[in-house]
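Colleague: Here are the chains, one letter per residue:
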Amino acid sequence: MPLYEGIGLTEKQAVVIDIGAAYTKFGFAGESGPRCIVRTEIKCPETKQVKKVLNYSSEEELYDLLVEFIHVLYFRHLLVSPKDRRVVIVESLLCPTAFRETLAKVLFRHFEVSSILFVPSHLVSLCTLGVNTALVLDVGYVEAILIPVFEGVPVLHAWQAQPRAAEAVQSSLKASLLNINSEKEDFPESTIEDIKVRTCFVTSLTRATQLEAVDQPPDVVYREGGSEIVHIPGKVRETVYEVLFEQDNDQMSVSTMILDAIIKCPIDMRKPLAENILVIGGTAMAPGFKARLLDELKHLLQQPKYASRLALKTFKFHKPPAKENYVAWLGGAIFGGTDMISTRSLTKEAYVKHSSLPDWADLSYNCREEDKISL
Amino acid sequence: MAFLLQPDIVRYNCTCGSLKPISRIYFCRHCLKIRCGYCVCHEVDSHYCANCLENLPSSEARLKKNRCAACLDCPSCLNTVSTRSTNISTQNPDDPNKTVTRKAYYLACGFCRWTSRDVGLPDQTVATGGWPERENVHAARISSLLEHYKVLALRERQEKERKKFIPRRSYLHFSDKFGLTAMMARKRAGLPTLGGVGIKDETGSIPDIIPSEAVEEVDSLPADIYIKPVDLAQVTTLSQRLAQPEFQPELVSDLFPAHKHLMIKRSQRCRSCEHNVSKPEYNPGSIKFKIQLAAYYHVPEIRIVTCELLRIGQESQLIIRLCNPTQHQTVIQFLPLPSAEEDLEEREKEIEEKKKKQAEKKDAEKTSQGRDDVSILLPSLSRQTSISEDPRPVNVKLTGDVILPSSSVVLPPRDDAAEYDDSGETYHFQDDPKVVMWRKANKAAVKIAVVPLDSATEAGHVLVGFVMKYTYVNTMATLDQKEPQKVDLKVKVFINAGKTVGACT
Ligand SMILES: [Zn+2]
Ligand SMILES: [Zn+2]
Ligand SMILES: [Zn+2]
Ligand SMILES: [Zn+2]
Numbered sequence: 001m002p003l004y005e006g007i008g009l010t011e012k013q014a015v016v017i018d019i020g021a022a023y024t025k026f027g028f029a030g031e032s033g034p035r036c037i038v039r040t041e042i043k044c045p046e047t048k049q050v051k052k053v054l055n056y057s058s059e060e061e062l063y064d065l066l067v068e069f070i071h072v073l074y075f076r077h078l079l080v081s082p083k084d085r086r087v088v089i090v091e092s093l094l095c096p097t098a099f100r101e102t103l104a105k106v107l108f109r110h111f112e113v114s115s116i117l118f119v120p121s122h123l124v125s126l127c128t129l130g131v132n133t134a135l136v137l138d139v140g141y142v143e144a145i146l147i148p149v150f151e152g153v154p155v156l157h158a159w160q161a162q163p164r165a166a167e168a169v170q171s172s173l174k175a176s177l178l179n180i181n182s183e184k185e186d187f188p189e190s191t192i193e194d195i196k197v198r199t200c201f202v203t204s205l206t207r208a209t210q211l212e213a214v215d216q217p218p219d220v221v222y223r224e225g226g227s228e229i230v231h232i233p234g235k236v237r238e239t240v241y242e243v244l245f246e247q248d249n250d251q252m253s254v255s256t257m258i259l260d261a262i263i264k265c266p267i268d269m270r271k272p273l274a275e276n277i278l279v280i281g282g283t284a285m286a287p288g289f290k291a292r293l294l295d296e297l298k299h300l301l302q303q304p305k306y307a308s309r310l311a312l313k314t315f316k317f318h319k320p321p322a323k324e325n326y327v328a329w330l331g332g333a334i335f336g337g338t339d340m341i342s343t344r345s346l347t348k349e350a351y352v353k354h355s356s357l358p359d360w361a362d363l364s365y366n367c368r369e370e371d372k373i374s375l
Numbered sequence: 001m002a003f004l005l006q007p008d009i010v011r012y013n014c015t016c017g018s019l020k021p022i023s024r025i026y027f028c029r030h031c032l033k034i035r036c037g038y039c040v041c042h043e044v045d046s047h048y049c050a051n052c053l054e055n056l057p058s059s060e061a062r063l064k065k066n067r068c069a070a071c072l073d074c075p076s077c078l079n080t081v082s083t084r085s086t087n088i089s090t091q092n093p094d095d096p097n098k099t100v101t102r103k104a105y106y107l108a109c110g111f112c113r114w115t116s117r118d119v120g121l122p123d124q125t126v127a128t129g130g131w132p133e134r135e136n137v138h139a140a141r142i143s144s145l146l147e148h149y150k151v152l153a154l155r156e157r158q159e160k161e162r163k164k165f166i167p168r169r170s171y172l173h174f175s176d177k178f179g180l181t182a183m184m185a186r187k188r189a190g191l192p193t194l195g196g197v198g199i200k201d202e203t204g205s206i207p208d209i210i211p212s213e214a215v216e217e218v219d220s221l222p223a224d225i226y227i228k229p230v231d232l233a234q235v236t237t238l239s240q241r242l243a244q245p246e247f248q249p250e251l252v253s254d255l256f257p258a259h260k261h262l263m264i265k266r267s268q269r270c271r272s273c274e275h276n277v278s279k280p281e282y283n284p285g286s287i288k289f290k291i292q293l294a295a296y297y298h299v300p301e302i303r304i305v306t307c308e309l310l311r312i313g314q315e316s317q318l319i320i321r322l323c324n325p326t327q328h329q330t331v332i333q334f335l336p337l338p339s340a341e342e343d344l345e346e347r348e349k350e351i352e353e354k355k356k357k358q359a360e361k362k363d364a365e366k367t368s369q370g371r372d373d374v375s376i377l378l379p380s381l382s383r384q385t386s387i388s389e390d391p392r393p394v395n396v397k398l399t400g401d402v403i404l405p406s407s408s409v410v411l412p413p414r415d416d417a418a419e420y421d422d423s424g425e426t427y428h429f430q431d432d433p434k435v436v437m438w439r440k441a442n443k444a445a446v447k448i449a450v451v452p453l454d455s456a457t458e459a460g461h462v463l464v465g466f467v468m469k470y471t472y473v474n475t476m477a478t479l480d481q482k483e484p485q486k487v488d489l490k491v492k493v494f495i496n497a498g499k500t501v502g503a504c505t
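Protein sequences, first through last, are from chains S and Y.
Letter by letter, the first sequence follows residues 1 to 375 in the UniProt record's numbering.
Letter by letter, the second sequence follows residues 1 to 505 in the UniProt record's numbering.
It should be emphasised that the hints constitute simulated quantities derived from the structure, not laboratory data.
Chain Y stretches covered by chain S per the calculated footprint, using a threshold of three residues with CB under 8 Å from any CB of chain S:
| hint | region |
| --- | --- |
| 1 | 43-50 |
| 2 | 139-152 |
| 3 | 217-223 |
Some chain Y residues close to chain S (C-beta under 7 Å, calculated; not the full set):
| hint | residue |
| --- | --- |
| 4 | P211 |
| 5 | V235 |
| 6 | L242 |
Pairs of lysine to aspartate or glutamate residues, derived as DMTMM-like cross-links and limited to a Cα-Cα distance of at most 25 Å, are as follows:
| hint | chain 1 | residue 1 | chain 2 | residue 2 |
| --- | --- | --- | --- | --- |
| 7 | Y | K265 | S | D84 |
| 8 | S | K316 | Y | E213 |
| 9 | S | K51 | Y | E389 |
| 10 | Y | K160 | S | D339 |
| 11 | S | K52 | S | E41 |
| 12 | S | K12 | Y | E43 |
| 13 | Y | K349 | S | E60 |
| 14 | Y | K228 | S | E212 |
| 15 | Y | K288 | Y | E274 |
| 16 | Y | K98 | Y | D123 |
| 17 | S | K305 | S | D295 |
| 18 | Y | K355 | S | D84 |
| 19 | S | K235 | S | D186 |
| 20 | S | K235 | Y | D219 |
All C-beta atoms in this analysis are idealised placements derived from N, C-alpha and C, irrespective of residue type, glycine included.
So that you can see chain Y by itself, here it is in the shape it has in the complex (with noise of 0.2 Å):
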């Protein structure tokens, strides 16, 4: 797998712009496109705890604050703690001369020997839980701020919604004799016209706070820190601290446990067709995908098998092994690379049908927007106007340029059967034997040459680029195409040939 270990060697030209190794992108089937993971949409999937591979469901993820309830980690190194058990003994305490022996349990970290006993907590008579959880001590102020301005911020909102009937204000005073102007101004922001915060009070009070009293005194400086040696072990690091950024806590002996956070599961969507091009199975402990669209099943795959010595400005042959990962036959063609105006005009095509499909978009929601109303009562579920970036120009710098085979290369789909099958392999395909090198069944090793340009020096590498033009068969049904159909695709591949040897003069 020398591509997972060496990715920069052939990497392939994204729709996007970007170049990644073929085993970094992805292949939407909807789209015929390439895309990666800087061009797809990412999606949150699933959320789990990575130590008790707990599953859960994103509200109740979001109510825990992303943090699992029952694992715990360890506030000095940032580890996962585990729970130990000893037993004591207890006073009976209905025979004082009797003692009963009882379990008890704390936490211990297995990387740093941090103890929940170090820092004073109380040990628990149940395995599971049951820790003292930390309050933020200025919750209950915060929260009381924020319904203050939360009832200002509706006032403003109010006035304002005032303002735009100004020119019915006629029809207003007499409605507002009713107490009808919020409620209508409450209807027009969406909002309930019952219940919630502030509301049931609309003219009068603001919820009472207490604005801040500034004072004269400040926190001073520890009387004995001009003569207090410093132990370090005992002072918490930036990292210890930031860890817990409500608490911050100075001082080890202030430092808490945490619940452990929530990692998660994500999809790709491609961003054009909103087809998912990767979604995880469900389930924390699967390493499996329900729809894993990797280009590396779609798209031929290009190695290098071997490549002459480089020299500046001298031919070198540079073998390269083609693979098709597909079902069905492929063709494939070699292109030199476009000019800078036909690329320029390729990006613009890009563009233009990026804004066709966005615009075609818009009218199937005008049109089921008329059929229901969901969208309407719902914004959130309507799609909302898509800008995503456009597609950017390759950004390197060739150091080589490359002899092409003029021919093209015809592959056998992949037969899984055939890796197995050393016998008797028969091919019927006219290769020229200047180009194909060899064949081994879906692959094939071809010829290219390279001729390192006088910057290859300064690059320290040759890199040369192409158009690889492949046949891809589409069994993608649609509403208007059940049938397979043949396609021709393109893909620029740029390939890291190495470097030169030996200076030219």
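Looking at chain S on its own, in the form it has when it is part of the complex (with noise of 0.2 Å):
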């Protein structure tokens, strides 16, 4: 049965992975949302812990780690063998060499894949606005990475990147509730995510500058476990996702992100990219985000330190139709469902090829080349 799937002139459906520090999103290619988000962790076989696959001390064991993960994705989520089928890897343009190597290997190798075709997130998520000009910010878990998109090219020189995400939301809310919730020595990453997502929210503007004087929302109590008790005041709620804005000593913050990189772009491109600004990423998923960076935008731009230097009077953003967490894995799907994916794939043929030779780092060069996506 599975054998006749690639009889005819349909190919077998390409599978489209997007690997996130914290949920992994996997998928067919062509179809309109993944089939999983799933969390980036597998439980160890031997030591029955969880373990995250982005946590590895060294190649070998991201190997392992890798294996382990995808094996589950293809037989737990997706139903098909991965043999002889072809992957399409969302990556982040960030993304350390050691990793991707690591991952082809195990593709390749392990699981025998026909053909895999890195495009990277930021790219590709143009893919789901039918847009090539965009000013692209994914804020994910790790940290924060915005790209410049201009006529289908990445604007490189203006990329920027702050661990301002997810991971320094959560330490700030672990922290705080530690702090009142005294008689507790430590909350699990999984409780304080589900708090996070349940009950927090980004304040506004104008309220954030005040917080000292505004009343504050109403407390919540969260019964971890369906039994012990956690207070969760109303500041708490309103405040955690400060640490996102929040100007640091380099007066760096999400808001500046953005300004910065328009800054470091030319004159001609400032325009189109601050009224085509896309977010995406699980964090700016979460209530009142967009809404309080569209008025930081607006606010920065009146400081001495914006105002002399850009004269913009709007910035727009995009809506794409999908949830903001797997934007640039759809970009993927619809990149991955062309004929792309014949013609700018790496095959199992040129791996081998390459992978024999002394130096593969040549080889992730000439992936480079292939990446270079024109839209």
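Work from the hints to combine the two standalone chains into their complex.
Modeller: Following this line, the structure appears as structure tokens:
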């Protein structure tokens, strides 16, 4: 039965994978949403402990973690054999070389996939809009990464990255809660995440400037595991996301990233970029996030630092046809649903040829060439 | 079944380098090699619903997005929901004074008490489904984007193909008049010459899409968020949201039941010879296998019987029980583990062998391609280059030495009847009483001496290893070998003998 799938003119449906630091999105090319969004972690078969796939100490360990993790993705979630099937990998342009190499090795050598197409997440996100110019800000788990794309080409020298994302929010939330619920020693990360998602929000700029003066939103009593009570003061609910917007010593925040990136771009690009902002990533789904971002941008524009350098009037945001946390995946699924998958993929044969080279970094350079996508 | 409960006591070294208990390894009867879950090729065999045990052909499973048409999951706790029926009475349309009762069906979860009425789903008049299916609101938009990019991609591809022809430009100019270029390009690309998306109109229009329009307004916070108390029971958890990636409902009132995700039966294939080492029966209710080449049926099994107290540097007696699972007599010998160099050599031999096999396969493929052109027409059917992983070195640290018995042990074949026959056991084996403690049918207990090393204190247990050499009768008939063949096979075995007692000074 599985034999017949490849017969005829329809090729086996390619799979699209977007491995995030916290969540992995996995599904089929050409579909409107991922089949699953699962935590990027595995239960170690020997120690029975849950381990994050991206917390690896060596490439060998990463190899084993990926084998275990991807096996589950194929056989528990997608229910297809990986062998001789194409793969689209949605990756960040800042993805470490060691990671992408190990991932390619796992897919080619362990799962025997027929080809891999690496697509940069910021770039393919534009496929979900049908435009070819946008300033793409991805607020994920570890960091917020911004790359402007102009006429289908990433403006790489203007990229920005800041460790202002879910991890920072969650560690701030954890610290506040431990402070208040002094009888608790620690909270598991999943509890913190649940509290964040279900009770916290991004407050407005006006309130943020006078947090001490305003009436606090109602407190919440959270039952951890159904029994233990955790008190979440309204103030905490309102302020945990402030770590994203507070300017640090270098006067950097999520909002300044956008303006700083625009400043680094040539003048004729600035207006189109400011009027084509695309915010993606799970953290951008927090209630009030975009409203705050827009207010911050308008506010910062009045500040001397930017007023003198930017003659912008408006900022416009795109609404992609997907939830923010899988926009990049959807871009990969659209891109991978086209002929590009046969013309631009790295085939197993090409991989075999190159991986026999002593310096395998050469190949990654080669892939990068192929990755240059014009939309 | 001690090995099931304590899987890490006696571990066998798989050909790929992993260490697994005997219950977790395969024995490929074609390669005569041990294989394990890590080094075999897993394949999806059949799809089924774990709730109703309905079997789906893979094409249908694909069509239904791996979901069961009949069973639904509770969106709240993700368990299966059941259909409940009630009687409701409505006015008789013919006679307003009378009422008629009819059955109405709704969904209810027996685990968390969620019901379809909670989210305002109307009751159904039939018990079997008819529940409204939710569509991704963006589906149409996404498919038009997809069409758009498909044509863009096709164009790019055609341009590329054209560039490849540049040296023969004059010819192309000529054929261009007749519109042949595109047809050639398509032929080269292996695409059908007629039909398909955007192919009818070569040069012209890419299906129109309206590019997304960025807006100045963004979703703002609900006005009452600063004053409204939060009822956590009304807010979904992240796992509830992510269970439905395309919808990710934030409120419990938006949770709709989802069709149950299917499960699969898997078959395992030896990567080296492409024979199945395990293939389940198709019927989802069956727990039997069509093919099950488990090592448990082919490789002598070792269990620990007892072990004397272990003291660092002192010799203790470890008694193991050997069991011959095959229908043929076997001779077991114990050898010390190979040195690092020998080990490396062995692995290199293994890799060499694999390469040879690969080359053979390629040759065979070439000749078959000459004979028929199936694999050219359908590239997905032809064998692809295989570049599976190379075996790895065993990654363990021994914390004990072993003194192995010098003489070999003969084990008679398995005889199921003998299991129930306690009378007059007579053996004609010349056993060395220093080696064999006792024997019973196809089993024998063997003495080994263990000397824990200093490192055992730190590791917390005494791990010893040796090579077990056993004779195996290969009954697999091949083209050039019809008769059963006796072969000597080796497997590295690692035994965790337990903790040491008392600190040594
Ligand atoms: Zn193995
Ligand atoms: Zn079912
Ligand atoms: Zn339930
Ligand atoms: Zn085999």
